[in-house]
Amino acid sequence: MLLRPALFISAVLFTLGVAGVLFRRNAIVIFMCVELMLNAVNLTFVALAQTLGMGGQVFVFFVMAVAAAEAAVGLAIILAVFRHKQSVSLQNMNLLRDG
Amino acid sequence: MTGTAVDLIWLAPALALLGFVLNGVLSLTRPWAGAKTLVSLIGVGVLVGAFIVALAVFRGFFGLHADAPVVFRYWSWIPVGTLQVDVALQVDQLSTVMLLVVTGVGSLIHLFSVGYMSEDPGYARYFAYLNLFVFFMLVLVLAANFAVMFVGWEGVGLCSYLLIGFWFNDAVNANAGRKAIIMNRIGDFGFMVAMFLIFWSTGSLDFGTVFTRAPTALVMGGSAITAITLLLFLGCTGKSAQIPLYTWLPDAMAGPTPVSALIHAATMVTAGVYLVARCNLLFAMAPLSSAIVAGVGALTALFAATIALKQWDIKKVLAYSTISQLGYMFLAVGTGAISAGIFHLATHAFFKALLFLGSGSVIYAMHHAYHATHSHEDAQDMRNMGGLRRSMPWTTALMWIATLAVAGIPVLSGFFSKDEILTAAFARGSTHPEWLVFWGFGLLAALLTAFYMTRLMLYTFSGPNRTGENEQAHLHEAPWIMTGPLVVLAVLSVIGGLLNVPALYHGGEWLHHWLEPVVQPSVALLPEAHLTSATEWILVGVAVATATIGMTGAWRLLKPERLVPARSAPEERGLARLLRNKWYVDEIYDALIVRPVVWLSREVLWKQIDQRVVDSAGVNGAARGARALGWANRWLQSGQVGTYVAVFVVGVLLVLWRAIS
Chain A
1 MLLRPALFIS AVLFTLGVAG VLFRRNAIVI FMCVELMLNA VNLTFVALAQ
51 TLGMGGQVFV FFVMAVAAAE AAVGLAIILA VFRHKQSVSL QNMNLLRDG
Chain B
1 MTGTAVDLIW LAPALALLGF VLNGVLSLTR PWAGAKTLVS LIGVGVLVGA
51 FIVALAVFRG FFGLHADAPV VFRYWSWIPV GTLQVDVALQ VDQLSTVMLL
101 VVTGVGSLIH LFSVGYMSED PGYARYFAYL NLFVFFMLVL VLAANFAVMF
151 VGWEGVGLCS YLLIGFWFND AVNANAGRKA IIMNRIGDFG FMVAMFLIFW
201 STGSLDFGTV FTRAPTALVM GGSAITAITL LLFLGCTGKS AQIPLYTWLP
251 DAMAGPTPVS ALIHAATMVT AGVYLVARCN LLFAMAPLSS AIVAGVGALT
301 ALFAATIALK QWDIKKVLAY STISQLGYMF LAVGTGAISA GIFHLATHAF
351 FKALLFLGSG SVIYAMHHAY HATHSHEDAQ DMRNMGGLRR SMPWTTALMW
401 IATLAVAGIP VLSGFFSKDE ILTAAFARGS THPEWLVFWG FGLLAALLTA
451 FYMTRLMLYT FSGPNRTGEN EQAHLHEAPW IMTGPLVVLA VLSVIGGLLN
501 VPALYHGGEW LHHWLEPVVQ PSVALLPEAH LTSATEWILV GVAVATATIG
551 MTGAWRLLKP ERLVPARSAP EERGLARLLR NKWYVDEIYD ALIVRPVVWL
601 SREVLWKQID QRVVDSAGVN GAARGARALG WANRWLQSGQ VGTYVAVFVV
651 GVLLVLWRAI S
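First to last, the sequence lines map onto chains A and B. Per the working numbering: the first sequence = residues 1 to 99. Per the working numbering: the second sequence = residues 1 to 661.
Just chain B, with the same shape it has in the complex (with noise of 0.2 angstroms):
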């Protein structure tokens, strides 16, 4: 207890739980006249609560100065031996970061989503599970040790799984939501074996202990430091999207648009960034561990973004690019820079969640035009939008704000944020030149990243429209509720770079330096890196230099006017269609293991070991060997007295000439 506002940590998730509560009540109850906005106001009502309580904790901590976590142990969970786990919760430096954006992101996403989903028959049951994530999503943050944040790690997982197939009356969302927890299940397998090894190694699974136990109990760069952190990042590729485990992210696009915007993009596939950056101790402790985080980080956001080059689907453009982004994220971390991780974890948070948000604004619309034509139009298809910056203006306007900040281009929040890792990735190439293989990436991506983004705000917002003749006039700005999260997300998203405005503009490096007590234990193991301030601007200028050609390239070359409606379109060839058909990633690990492991499960596992050999030998073979025992010995049981006497007799008989003899 410190006697100041940060005592208050629990009421945040409390807040959140009790909203899920409360929802889910009134989930099951039948629909009445004020049901709706009882719902919204206990759903969103928790949420500003639970910021309110996050502004206190943080003002709190702030004034604490405190250079070690401030832990609250509530109650003793599992007591077994030397293995001692409590419900703990810790509030430090990075816990906090997180929890503002979890919770400040998250009312306003919650809030638009009264707007988006305020005609949907399930509106309570969709409130009360985005309360149960964030309830989730902040004791992952605030946990104290490895088994409490395995507990939110898993309930998000559970909570994004309910999300994406929300509308599960439709068989293919339904899919999506088990893609999603299948591929999660395989990364948490790797968290998992990583805990084991943590508690076998160091005795303890609270961040503390095993954190200063792990230089001494674990060599440095040695096997077992590697492993463990090779199975977190496991757990990190699943949850975070990245190579190999990120399918399942576009496939969640089939949840409600401001799922996507809060889970998908803005918090729970940060929390394979968050759980690095947090080990970061560990990591820095195995180098080839850090190389693969920021190898596979850059090579994600490459890849991701060569396919959002040429996907229609406006939310597809938009989960490829949050994989490429969260893609830098891990380079940032691979390389030790942690608070520019974090940094462009909050940013991303910002631009990205209104894109989300915006591109759920333009589906509404499209929605309703084809809802009030009863037309059956892909209503996400960008080939099916064009020109809707006439009836969409405030939508257009903050749109383009968002995509300038994720391009990259200065003074908006994804410059500063992108540059720092671009920086930190170059600079460690003077050392390891693999580093400079991740920059080259992070480079390309960053141009593609420019290009896509344009083409997607070209496509949907300029030129002729394309919905249809009928349609046009029904196009319209959705309400209040609704573009009003996204002004506010819109002013983060330029602002959003002030919170670490780095040195080369003589800014304050806020966060670097808010960072710094968790970052700490892990600077030392890293080699110094030092760029001269020339280096420095020469690359700040290569990296504004990509971005202004990656926007003006998609400008000049795309011609929105020449698109056509998806109904019409021809199909791509060559190089566009290996894209537009995302590398045909699917379909290899279609073939290379969904179809292995059903022809093993189908072929082996049930018709030959499941019928024959537990069904027949097993269960049925038990069965049939007591009856044949039985049948056997049912002469013994004639019914007769006299038979019984006689038997007895002779064994009475027997026994006695044994006694004798």
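This is chain A alone, in the form it adopts within the complex (with noise of 0.2 angstroms):
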């Protein structure tokens, strides 16, 4: 079975996930990081439909709807925010904090 290396690599792809969202400036490369998690999940899935049945790869479908979406919203607003402030660094959208 090749349930453990799956799994072992799609731990690997969420750590790389989260470390890049959490350290990386550049907003493109965070939503990269959030692609790279949401796919770790899905490989999670898929290993384990192999054994718990098919509910788990009927759900990746969802995931990848949901994250096609999310590609199109995201990727929308950080073109509004690049033609705003002709920057996509994260270190520049603080308008929330006062003053």
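Calculated from the structure, these hints are not laboratory results. One or more of the hints may lead you astray.
DEER-style ranges, computed between Cβ atoms [as the list claims (entries may be wrong)]: (1) B:Gln637 - A:Arg4: 41 to 49 angstroms; (2) A:Leu95 - B:Asp615: 35 to 43 angstroms; (3) B:Gly651 - A:Leu95: 22 to 30 angstroms; (4) B:Arg658 - A:Lys85: 34 to 42 angstroms; (5) B:Gly625 - A:Val63: 22 to 30 angstroms; (6) A:Phe62 - B:Gly639: 29 to 37 angstroms; (7) B:Arg658 - A:Ala49: 23 to 31 angstroms; (8) B:Gly625 - A:Leu7: 44 to 52 angstroms; (9) B:Asp615 - A:Val63: 51 to 59 angstroms; (10) A:Leu7 - B:Gly651: 18 to 26 angstroms; (11) A:His84 - B:Asp615: 42 to 50 angstroms; (12) A:Phe62 - B:Arg658: 22 to 30 angstroms.
We put the beta carbon where it would ideally sit given N, CA and C, even for glycine.
Two chains, two frames, some hints: make the complex.
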């Protein structure tokens, strides 16, 4: 069975995604890291679906659909921010802070 | 429904209310040519209409020969569990008498007001208030339960306040109104607590139910019934100006004089007497309370009479006289002589309304005289009057009739009613010696009454005139619309005694028999007291002698020709000064109650509790706390998405760690 290696890879990918979100400043890179985390979860679903039934595989499709929608909205927001600020660095996005 | 004119009872208060609404609307419009005529027609018209309704109701009820009250339930007002209060009116022997007095005397006073207030800019407002007062007074006397009666009780207090402060541009008048309503609040508190206790002990507020259940639900002379009656009497001392809450009434003279006649002499202030008469069964069940009612009444009668001896303001004399006469009524109802109390209430309404309206005519004339010469002298000070009989013969004659009536000179109305009260008090003295003291107080007060009333008449109408050289020419009799009601009241003051001529003079005691169904329950509880007719004749002789001594004494001792106008009058000394300053009761109340309350309110409640606790610690404290919390937490809100994510991740890790371990 490839369950163990699959879960291991999934954990590594997810950790990479989290680390990327935490430490990178570029919004597009962070966005890609979020996708990475989603796909790490997808991998877990598929791996476990081998033993626990087809529900996991079905769920992957849902995640992919949501990720596609999220990509559309997220990229549009990033584009809007870039037009406004000429930058996609998260450091410059602090309008919610007072003063 | 009885199928007679009694069914129309709702019309009487409804007419008065209609008058209030119409005149109230008119008072808001800009003055136009016919406005005053319209206001007069509405204001007087609704009262005359109410009086006609009252007559019809009386006729109808008389024909029924009913022993029980006729109760009309209109709609349910407070249906809460066992507390069922309906808006209900009750017609019985007592309420018909009050109905006739209120609408009858009220009509005459409304008519008088047409002349007295004719030049006042607030004419429509005045009649609106006066109509509203009559409405509430009728609700008070016609109510079939304590709750509806309380509505009327509060309503007349409100109208009293509005009318005392009618000329509110002058701070003195506004303050007098406030004093009246605040002192009445103390009494109303007693009324309300009594009402709660009545409901608690009998489970109802309907007069009929309460009086049926009271003998079984309450122990005769027990603490509950004593508390109820004493609290009710506290309400009476406020509304009817008895010791200790009487001090508002003399100040209430700040209002227009017809108001003093209607509200502060003839009707509203007698509400307390009516309340005791209505609850005669409860008071009969509480001998201690009855003794207190009679004692306070007798003491008030004497105390107020002493003050009246040395007042210079003509209306103040009459105000203290009213307090004194109300004391007589409470002496009567406290003794259990309910019909005597109501009898005196009716005759007093006639002659005291006459006296007040007569003094209104005098003040009207004085005011016009001073107005014509642009003088700023006091138009109500008797030292500025004197010799008015030459310019005002009608008023003089009519007021003399009322004076003889209030002094208790035979065959006039006041003689019969006052004598009946004193006889009843004396009769009770045979079983309860303390009543002999009350009787003594009453007799002494009668002496003083004769004295101060003669003094008022002598100083106002006899001797030389002190108004002033230029003013004398302008003094003249009031118009007929004002003198007319005086004539009617004078006739009533003379023949009012016919209502209840005692058996001693082979009279029918009509009022006594008429009120029997209402009074019946309490009569059985009271000790029988019978005087031989010889004793009664002696008592009558003593009373007449007292009145005569008082009047001739005043005639001999007082020298109107020696008086000087108020402007140059010297200060009194000794006892006279004490009486002039009303025994300093106002000052004592001020020092003992008003100032400590004001100090407590200002220094403790305001500066400590309100400013320090509520404002500083409470309101501002909460705001400051929220601000400090926000200041402490603001570092969390860096605005950096990275920081938020880091915190989020730490949180997720913590949750995972908790879930795993």
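Quick rundown of the hints versus the structure:
1. B:Gln637 - A:Arg4: 41 to 49 angstroms: Roughly 43 angstroms apart at Cβ, these two residues keep to the hinted range, so it holds.
2. A:Leu95 - B:Asp615: 35 to 43 angstroms: holds (38 angstroms)
3. B:Gly651 - A:Leu95: 22 to 30 angstroms: holds (24 angstroms)
4. B:Arg658 - A:Lys85: 34 to 42 angstroms: holds (39 angstroms)
5. B:Gly625 - A:Val63: 22 to 30 angstroms: About 45 angstroms separates the Cβ atoms of Gly625 (chain B) and Val63 (chain A), which means 22 to 30 angstroms is violated.
6. A:Phe62 - B:Gly639: 29 to 37 angstroms: holds (33 angstroms)
7. B:Arg658 - A:Ala49: 23 to 31 angstroms: Check passed, 28 angstroms falls within 23 to 31 angstroms.
8. B:Gly625 - A:Leu7: 44 to 52 angstroms: Roughly 50 angstroms apart at Cβ, these two residues keep to the hinted range, so it holds.
9. B:Asp615 - A:Val63: 51 to 59 angstroms: Distance hint for Asp615 (chain B), Val63 (chain A) holds at roughly 57 angstroms.
10. A:Leu7 - B:Gly651: 18 to 26 angstroms: About 23 angstroms separates the Cβ atoms of Leu7 (chain A) and Gly651 (chain B), which means 18 to 26 angstroms holds.
11. A:His84 - B:Asp615: 42 to 50 angstroms: With Cβ atoms ~46 angstroms apart, the hint holds.
12. A:Phe62 - B:Arg658: 22 to 30 angstroms: Holds: the Cβ-Cβ distance is about 28 angstroms, inside 22 to 30 angstroms.
Checked against the numbered hints given earlier, this structure breaks only hint 5.
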